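Visitor: Whenever a hint applies, use it, and build me the whole structure from the sequences.
Number of protein chains: 4
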Amino acid sequence: MAEEPIQDVAHLGHVELLSPKPEESLWFFKEVLGMEEAAREGQSVYLRAFGDFDHNTLKLTEAGNAGLDHIGWRTVSPQALDRRVRALEKSGRGKGWVEGDVGHGPAYRFEDPDGHPMEVYYEAEKYRASESERPALKNQPQRHPNRGVGVRRLDHVNVLCQEVTANREFMQEYLGFKLRENVVLDDGTEANAWISVTPLVHDIAYSLDATNSNGRLHHVAYWCDNREDLLRAADVFLENGIHIETGPSKHAVTQGFFLYVYEPGGNRVEIFSGGYLIFAPDFEPVTWTQEERAKGQAWGLELPETFHTYGTPVVDEAAETREVPVFGPS
Amino acid sequence: MAEEPIQDVAHLGHVELLSPKPEESLWFFKEVLGMEEAAREGQSVYLRAFGDFDHNTLKLTEAGNAGLDHIGWRTVSPQALDRRVRALEKSGRGKGWVEGDVGHGPAYRFEDPDGHPMEVYYEAEKYRASESERPALKNQPQRHPNRGVGVRRLDHVNVLCQEVTANREFMQEYLGFKLRENVVLDDGTEANAWISVTPLVHDIAYSLDATNSNGRLHHVAYWCDNREDLLRAADVFLENGIHIETGPSKHAVTQGFFLYVYEPGGNRVEIFSGGYLIFAPDFEPVTWTQEERAKGQAWGLELPETFHTYGTPVVDEAAETREVPVFGPS
Amino acid sequence: MAEEPIQDVAHLGHVELLSPKPEESLWFFKEVLGMEEAAREGQSVYLRAFGDFDHNTLKLTEAGNAGLDHIGWRTVSPQALDRRVRALEKSGRGKGWVEGDVGHGPAYRFEDPDGHPMEVYYEAEKYRASESERPALKNQPQRHPNRGVGVRRLDHVNVLCQEVTANREFMQEYLGFKLRENVVLDDGTEANAWISVTPLVHDIAYSLDATNSNGRLHHVAYWCDNREDLLRAADVFLENGIHIETGPSKHAVTQGFFLYVYEPGGNRVEIFSGGYLIFAPDFEPVTWTQEERAKGQAWGLELPETFHTYGTPVVDEAAETREVPVFGPS
Amino acid sequence: MAEEPIQDVAHLGHVELLSPKPEESLWFFKEVLGMEEAAREGQSVYLRAFGDFDHNTLKLTEAGNAGLDHIGWRTVSPQALDRRVRALEKSGRGKGWVEGDVGHGPAYRFEDPDGHPMEVYYEAEKYRASESERPALKNQPQRHPNRGVGVRRLDHVNVLCQEVTANREFMQEYLGFKLRENVVLDDGTEANAWISVTPLVHDIAYSLDATNSNGRLHHVAYWCDNREDLLRAADVFLENGIHIETGPSKHAVTQGFFLYVYEPGGNRVEIFSGGYLIFAPDFEPVTWTQEERAKGQAWGLELPETFHTYGTPVVDEAAETREVPVFGPS
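Residue numbers (our numbering), protein chains in the order written: chain A, 1 to 330; chain B, 1 to 330; chain C, 1 to 330; chain D, 1 to 330.
If you only want the chain D side, here are some residues facing chain A, beta carbon under 8 Å, derived: (1) Leu238; (2) Trp299; (3) Gly300.
Straight line, CA to CA, 30 Å or less: simulated DSSO-like cross-link-like pairs of lysine-lysine: (4) Lys178/D / Lys178/C; (5) Lys295/A / Lys30/D; (6) Lys178/C / Lys138/D; (7) Lys295/C / Lys30/B; (8) Lys30/B / Lys30/D; (9) Lys295/C / Lys21/B; (10) Lys138/A / Lys30/C; (11) Lys126/D / Lys295/C; (12) Lys295/B / Lys295/C; (13) Lys126/A / Lys178/B; (14) Lys295/D / Lys30/A; (15) Lys30/A / Lys30/C; (16) Lys295/B / Lys30/C; (17) Lys178/A / Lys138/B; (18) Lys178/C / Lys126/D; (19) Lys295/A / Lys138/B; (20) Lys138/B / Lys30/D; (21) Lys138/C / Lys178/D; (22) Lys178/B / Lys95/B; (23) Lys30/B / Lys138/D; (24) Lys295/C / Lys138/D; (25) Lys138/A / Lys295/B; (26) Lys126/B / Lys295/A; (27) Lys95/C / Lys126/C; (28) Lys21/C / Lys295/B; (29) Lys95/D / Lys178/D; (30) Lys138/B / Lys30/B; (31) Lys138/B / Lys126/B; (32) Lys126/B / Lys178/A; (33) Lys30/A / Lys138/C; (34) Lys30/B / Lys126/B; (35) Lys178/D / Lys126/C; (36) Lys295/A / Lys295/D; (37) Lys295/D / Lys126/C; (38) Lys295/A / Lys21/D.
Bear in mind the hints are in silico, worked out from the structure with no lab data behind them.
Bear in mind the structure is a predicted one, so any value in this text is a computation, not a measurement.
Glycine residues also receive a C-beta, built at the ideal position from the N, C-alpha and C atoms.
Guide: Shown next as structure tokens:
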């Protein structure tokens, strides 16, 4: 009888983004995306979408450049946290405990093989709506913002890396992620992998970095319930002068409905809807060939060149770009 | 440190419905809902939605009356199945092993306190699309049917019972369900409970049976990705002479977007979209008071009287109907 | 050869509403519906939707009660205005010229047989967006408001009357309206009529007044492009404590997708989408029987009692209500 | 006082398309678009969308090549037809009367300056649903097809030409079309013009032909009520192996929501929704500059090269292609 699956990580808890233009980035997340400011401390503002049950899901921090500071994963129990920490310690990639932050308790830091900083934690604070933010429906954490796009909740994060397989396997072995879909090029290189601990088709995705850099972010994605929300969002971005990189359209991989923009600080943000849920414990990962991916997105859309090269922090792409084709993360 | 949560049941696997008008019921599920016939055996036809990854999710069986034959739950592993069977044996509600059926292996039968037959199993057959049913996108189990409503996947089941609390607690204790939302009347009676093992806001719901019967079905729900699908579905039902009981509209409880119809055999079927996902291991259940539920659905819609009384099998409602108000399942 | 059709009235130009709670009504139209304030003068505020090409389409005036002050119709040319004025003078219902108002030139006043004040005019001012209101797309009159419902343009008005036929025939004979749909009761009474000069299925509708009053308003309707806009609007109303009378759902008559609310001053406002366009010059009006209308709206929804009785100004309904059934205006 | 506008042409009545693959083209229009076969005669099949009130709106004729046979415009009255015929006779482009066709009476043929064959007629046959095609809602001409895309009605036609201005002015002067939007290049060339007799933002559009050919078709467009219909349509096309050229996305010009495909015979077909209605008799045309149009479609999408060069009949593009940039028709 096969070993039982690890079910210790509950979900993506939060992402910390860096911005060299903190004021403009904050305006983007609050006024254009319609997120809420949950707290401020030091050089950081903590934000949440109206449907996030946690105190915050995005920490926006002033910095010299755009990029990803770290990714936080919440476990299903204190015991599960202990198990993951013991495993990570053995992995050689553990960095040790940190004190916690606004909205969550002690966290154990580690890095994936590509060097993206991550942490696991269990203790987390729920959002409690103040009187003025109380929603009409009590199963909704707070009032709908009634401004901007009105994203509902944090969905996933997508990062670039030098070797997809090594990172994917690390996440599977030490954290219990399951492979959902991936792209394998004709030369056998795994170009992208979509993995999750939840029934979502991905909580995180890894894609080859065309610039051979380490630790870069491709995008952070917030969820909307309906495709119409993304069509409306595109108009909101248009009216607010936000650069739309591509979309709204439908991905072939994940079947997600997507819309990609750059927030003023330079980080790519996706508004995401659709996709599909995976409940089967023995789901068979879907592997796409180079030829299949050459057909473009679901309805034939070709993603722009920047989609395959741009990430944060920005690197000098002229330096030494990878020759292998890199197919689109979603 | 609290005990760790049970994570042994993976998802709702299938439902067996009875129909006194098998031909008409089959027409409804295939031509109107757009489901696919997966197999036939004896007095039964096995069906699936185009996005169901399993071989089948609905077994439709000819019978003298409409109603629910049984509900099947799949576990996350063989070991998890063993653990659940041992627990159920101790519960006094175990019925023993059955051989399995088209699409799944050996199953352990039991009944909830209200007498709804259920089973747990692990071995399950995946659907393999034939050449003619091969989809354009390989992460989709089969081609979109391009007929009727085009429901995507089995979502949840909703049953009536004499005592909500007893049934809910049984499902929590022996199978690891978590309470998501419930309604508690002014006299302390729990009138409805929405519970799940997945991040879905409910895999099954229990509601007080206004006729004090046992083992009745309120509805089976299939999922569509977008609210527009339900608006279109309403036109499909209208054109096909299917009785629309209520909807499309938005539930307050679960925030689900709903549309209820009666299939020709008499069973109530819901087309469902929206709702919200729960990833937090310590989600705080939302309890609605009698006063809160008296406001109707999210946008004020009052459900018709039948919604609170009709279930299958149909019973003589004149006999001895319950006096307590019963608020709407969703 | 039949006489040629009158094509002199171009479209519904504006509506003046009265409100006993002007501040709250203004908040509703600006913050909740997302309309723009175009001007203020005396006891009135002039408003427009972001997609209205005219300077204003709604005049909101402080008054002792809610209700309709007048309806303005624009003609296709100065010559067409002359022709209509001459015809109206002969009708015996002409009231003479008035000076014009903010946004339009001289207007000729008249009343329909039921006493609803109306006017025809040709000269009208186009909206010119200021720098800050300039839209990203130059074929859109102004920026999308990015707040509230975001209605796009004035669509139609619906009034109550003592005799539908007399009013409908007056509008046809003197102004060139065409009958699109109507309801004729078993006793031969015309209970509702939907008429238009444009390809819209109605620019104005007449319905029997259940209270036998004169000159009452049933509702003013603003348009949204998609049904999803109305589903989102319902949430906006819910969060802002606006009373939703019924909807969103689909009318049988007109096929319109509807959502009815009461603005704080008491007037009923509809958010409308869908319906169908009529381009044929010899369109055959659709007449519904009492039995057909007894089926409810398109998907079976029964409108609430208030829909058949409430109008503004509010009258003492206990006095002498009409016995004939009155079927729903849309 | 300015001259009164001509209001003699009521609407686009029908389009005749040629196909070298008549069987496959018919399958496309019936099974994929969900249109209905209204009649067959000779080498032609007559089709209609479920919401077309006329007997047919598309005549599909077997031929040696794809392309446009002719465009039919219906007038508002017999008198209006007489007036237009007299005007066309004076224009020097009249070709004389033809007998009529399945679904309409005698028609007067003419050509626009670029040589696209057109006709005007008044007598037209309405569609009468047979018992089996009777709709649930009597204001709908027939049952919804419940297959394929389910387009609702003919919307517009878009043709290529050597000189936009000459064609536009001809349509304005002799048929009463009004200019709604156009593109004027830096060198003063009018590259595209969208014109209409109805409140639709275009009944026909003219675009520069990049191959300097005459009489070519860019596309015929059928309408769907909601943007979601186009998103669903894209999946229908994908599953049926229909080439999607671009979309679904939003045009800047017309604000239309678009989806372009090639039917198997080679003609480009658009599924269209949105746009905006123009009721003002003195609407001010919107002129786009070369720089403005260089921004791509509303959300930044760049149309593929074929969109600017491909038309039917297909010509040898290598021959002598026009150097001026041609911006996208919609």
